Amino acid sequence: MKLRQLLVLAVLGLLMVAVVQTSGRVDPVLAPPAQVVATDRLDTAVAQLDAWFAVKWQADGVSPTAPASDLAVFRRVSLALFGCGPSLEDLRAFQQDTQPDRLDRWVQQMLRDPRSAGYLARRLGRSLAGVEQGPFILFRRDQLTDWLEAQLIQDASWSDMTRQLIASEGLWTDSPASNFITVARMENEDIDENKLAGRTVRTFLGQRIDCAQCHDHFLDTRWKQRHFEGLAAWFGQTQVTLGGVTDYATSPDQPPLEYRVVPPGGDAAAARIVAPEVPFHPEWLPEAGGRRARLAAWVTHPDNRRFERAIANRIWGLMFGRPLHEPVDDLPHPEDKPDDALDLLGREFRARGDRLSTLIRMIALSAPFQRATAAADDPVISARQTAAWAAFPLVRLRPEQVIGSIFQAGRVRSVDQNSHPLIRLTRMTSENEFIEEYGDAGEDELIPQSGTISQMLLKMNGRFSRELGKVDLLTGPAQVLALSPDDSAIIENSFLMCLSRHPEPPELLHFQKQLQEARQAGDGQREAVVEDLFWALFNSPEFAWNH
Amino acid sequence: MEPLMLSRRSLLPLAATPALSFLLPPLTARAAALRGPERARSLIVLWMNGGMSQLETWDPHPGTAAGGDTQDVATTVPDLRISSLLPQMAEQMHHCLTIRSVISKEGDHERGSAFVRSGYRPEPTLKYPTLGAVVVSQLKAGQLEIPPYISVSPHIAVPEGGYLGNAWNAFRIHHPGREISNLEAPVPAARQTRRLDNLQLLSRTFAAAHPAAANQTLHDDLTQKALRMMQSEQLKAFRLDEEPEMLRKAYGDSDFGRGCLVARRLVETGVRVVEVTLPGFDTHISNHEGHITQCRILDPAMSSLIHDLQQRDLLQSTIVLCISEFGRTPAINPAAGRDHWPAWFSCVIAGGGFRRSAVIGSTPAEIPSADPPPPADPVSVPEICATILDQLGIDSAQEVTTPVGRPIRFADASPSPRLVG
Chain Y
1088 MKLRQLLVLA
1098 VLGLLMVAVV
1108 QTSGRVDPVL
1118 APPAQVVATD
1128 RLDTAVAQLD
1138 AWFAVKWQAD
1148 GVSPTAPASD
1158 LAVFRRVSLA
1168 LFGCGPSLED
1178 LRAFQQDTQP
1188 DRLDRWVQQM
1198 LRDPRSAGYL
1208 ARRLGRSLAG
1218 VEQGPFILFR
1228 RDQLTDWLEA
1238 QLIQDASWSD
1248 MTRQLIASEG
1258 LWTDSPASNF
1268 ITVARMENED
1278 IDENKLAGRT
1288 VRTFLGQRID
1298 CAQCHDHFLD
1308 TRWKQRHFEG
1318 LAAWFGQTQV
1328 TLGGVTDYAT
1338 SPDQPPLEYR
1348 VVPPGGDAAA
1358 ARIVAPEVPF
1368 HPEWLPEAGG
1378 RRARLAAWVT
1388 HPDNRRFERA
1398 IANRIWGLMF
1408 GRPLHEPVDD
1418 LPHPEDKPDD
1428 ALDLLGREFR
1438 ARGDRLSTLI
1448 RMIALSAPFQ
1458 RATAAADDPV
1468 ISARQTAAWA
1478 AFPLVRLRPE
1488 QVIGSIFQAG
1498 RVRSVDQNSH
1508 PLIRLTRMTS
1518 ENEFIEEYGD
1528 AGEDELIPQS
1538 GTISQMLLKM
1548 NGRFSRELGK
1558 VDLLTGPAQV
1568 LALSPDDSAI
1578 IENSFLMCLS
1588 RHPEPPELLH
1598 FQKQLQEARQ
1608 AGDGQREAVV
1618 EDLFWALFNS
1628 PEFAWNH
Chain P
670 MEPLMLSRRS
680 LLPLAATPAL
690 SFLLPPLTAR
700 AAALRGPERA
710 RSLIVLWMNG
720 GMSQLETWDP
730 HPGTAAGGDT
740 QDVATTVPDL
750 RISSLLPQMA
760 EQMHHCLTIR
770 SVISKEGDHE
780 RGSAFVRSGY
790 RPEPTLKYPT
800 LGAVVVSQLK
810 AGQLEIPPYI
820 SVSPHIAVPE
830 GGYLGNAWNA
840 FRIHHPGREI
850 SNLEAPVPAA
860 RQTRRLDNLQ
870 LLSRTFAAAH
880 PAAANQTLHD
890 DLTQKALRMM
900 QSEQLKAFRL
910 DEEPEMLRKA
920 YGDSDFGRGC
930 LVARRLVETG
940 VRVVEVTLPG
950 FDTHISNHEG
960 HITQCRILDP
970 AMSSLIHDLQ
980 QRDLLQSTIV
990 LCISEFGRTP
1000 AINPAAGRDH
1010 WPAWFSCVIA
1020 GGGFRRSAVI
1030 GSTPAEIPSA
1040 DPPPPADPVS
1050 VPEICATILD
1060 QLGIDSAQEV
1070 TTPVGRPIRF
1080 ADASPSPRLV
1090 G
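Residue numbers (our numbering), protein chains in the order written: chain Y, 1088 to 1634; chain P, 670 to 1090.
Keep in mind that a hint or two might mislead.
What the hints assert, rightly or not - Result set (SDA-like, lysine to any residue): computed pairs, CA atoms no more than 20 Å apart in a straight line:
#1 Y:K1557 with P:A854
#2 Y:K1600 with P:Q861
#3 P:K774 with P:T1071
#4 P:K905 with P:E853
#5 P:K774 with Y:P1350
Simulated from the structure, these hints should not be mistaken for lab results. Note that this is a predicted model, so its numbers are computed, not measured.
Using the sequences provided together with the hints, build the complete structure.
As structure tokens, this is what we get:
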């Protein structure tokens, strides 16, 4: 081995020692701010939200569960913002932070970490463009995701982002938001106005009106077919040309495009032209501008409560794994009921410049997010607590969270933008290959899903848990075994890396016994014990669920 | 008063008592031994991925502009001629119902596949289960220790349970006839025992902290099922080394051929649905040559499967459906290819009570204009799905409430009497 390689290994080893040993003197990658800026404090808004839930719990006749441990809450935030459990490195730093407002400061710092922007961009991208491949060349999911990520890093206004998504003109590469439009281009080269109308209303207004394309809504009689058609007509002039997305004629002799509805029976000659229309509050429409720009202004209008409620419910869903109202994109009409938690979240969101970070912080600091998972023996009581958000729901990790957590647990340090390029590349390819085999949650990733036998087999016997749980050069288990000062620390660090908690006394005893016996048994046995410990942690129910 | 009928079903509760249990053989053995109409029914879907050309397979029009270079050949059914690229299938057509007038409006691969596999046009707010998922959700799997729904489809998405849930997703194998990945513990038995012991301890801790919620995860149940599968004798159904070499050769030296043979073995073991995919039909370029290649794989495999099932008296209880997401255009493009054509295409169904020696529908020989009229005697995809469910003993009109509160029928049409009998 060359001297240079030895030096690199030595430096890495020293860093690991600092993290693995409980004193943890290494500077964390995530260095949170020393205090929350006064103008940025959310105490009043969070107190109002908590008060609303307190009233609800009383009305529902449920008691909230005990507060969850700090480490459990930290794991929830990490799963929501990074798509994986926290690293040992971050856990140690979080534990040692004794300054006030610890959680809020850490959430803010995590929001500044590119990992959260990248992860949230991929999640939001699914609601904006589904998971389909989309038209070849004309749709660039990577461009859309990169653009979303850049917006999130800048903490941009969701209203501004929405206006760009709906109204962008230009090429899908130069104007990446326009991929929201190009994904709806059909084989016959027309734009599918119905698809865009349905997605716009679902994603930005939280209403499912797709069935009103063909008939008045059966379940929600207020939505009429003419509402759907009127909304689709805002996209009636949109076309994808060589110059990109546009609403304007590309030559003087081109007749203006219009949204046409072909009558049942399919007689194209009898198609009727439908004029753009909004289903309520036409006064929110600006007088001038292109069709899509006017629609975007109406959707994001400051008085349009559906807009803020829709994104508040989606962010709630991403934080908890389950939205406040299910399904995530079909909310009750806001005028039908008194203000609820979504209105409280939405109001603060609007007051602070429509930034998603406001919603994320408020939710992380709220009482429901910090409750323990229901622990009652009686399943009825547990179910009622969970339904009322008096307990944190037990939610199966999504596929990307499973592999993300396995990958992170297989390393002592955070896998982030500072990691070696090879590690980041491995992380990315592992995630893709794992999801391909495990199954993708698809566009409706916030709908609860059961596990499958093939998923279980993949986790138990597949190469991902085998390689990442192996005691091998520079893997997490090897570092834990080599650098922990004693057997208790080996077990303690393994539990923290995988489950973000300390082992219970019976667990500690169980694994201490195995390590002691292995020490007497000779070469290689302790390595095998640590590998078997990691295997069990990876395959435990606690690892597979958010709680 | 109804006459006293002693059916197998009515005997089961009696036989379950220790004193009478000798009346019934072990379930697995019984399932494998049953033949003919008494046997539980199964479905094998042969999925021609990419869009099989009807003109090069089941509905040739030789000597016309639309027909291209494809010739036809006589079959065992009088007046039925199919493509000369399928000479072995020509010998089996008396077992089959040929539908030449399947209609759809979905000309995109993803949408077309979703439609034909589920019987519902895809929509953004609800993911429909595939037909196979509906079948396994409704039919009891008995003592099956391997999944009831198997996909031999390495190149396409796993068929999914949609709104019925992931529990009904297909179990996918990549290389039929070879070892299945992830079925062997990566450590020796002693260490596997220690691992499971560790896991049990962690599960107990979790259950103690969340007694009600722990049951909700079904984690232990799933782990047990996975472990049972890893040790099951029924895994032999995935292996082909017990099959005579002559038979293996008859199915063809291809993953698809081996997949069809595995499908027969799985059905014999009690698996309810098997989907075997043959990729490579998206012939926008050199369509005829492409179909020569594809038919060389399809012809021996499908004909051997039907023949084999018939020889083993399994065809009556097994529906074999050969279909793709759409057909291909009557017009041949400048690259000698054919493009997507959902307006009419063909499928073939054998066994399971479907009509034999029969043909439904016909298509024009000339190249149609931009807005083609429907073919003669059109058959919709939902109609086919409803009839398959009906033949498998499942009420296709049954409504289930989806997670979003919408009641949906298993099939979007009624079973069609013209397809069966």
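Hint by hint, here is what the structure shows:
1. Distance restraint check for K1557 (chain Y) and A854 (chain P): the Cα-Cα separation of roughly 14 Å lies within the 20 Å cut-off, and the hinted pair is therefore satisfied.
2. A threshold of 20 Å between alpha carbons decides the hint, and for K1600 (chain Y) with Q861 (chain P) the separation of about 17 Å falls inside it, so the pair holds.
3. Between K774 (chain P) and T1071 (chain P) the CA atoms are separated by roughly 25 Å; this puts the pair beyond 20 Å, and the hint is violated.
4. Taking the CA atoms of K905 (chain P) and E853 (chain P), the gap is near 14 Å; set against the 20 Å cutoff, the hint holds.
5. For a cut-off of 20 Å, the pair hint linking K774 (chain P) to P1350 (chain Y) stands: about 16 Å separates their Cα positions.
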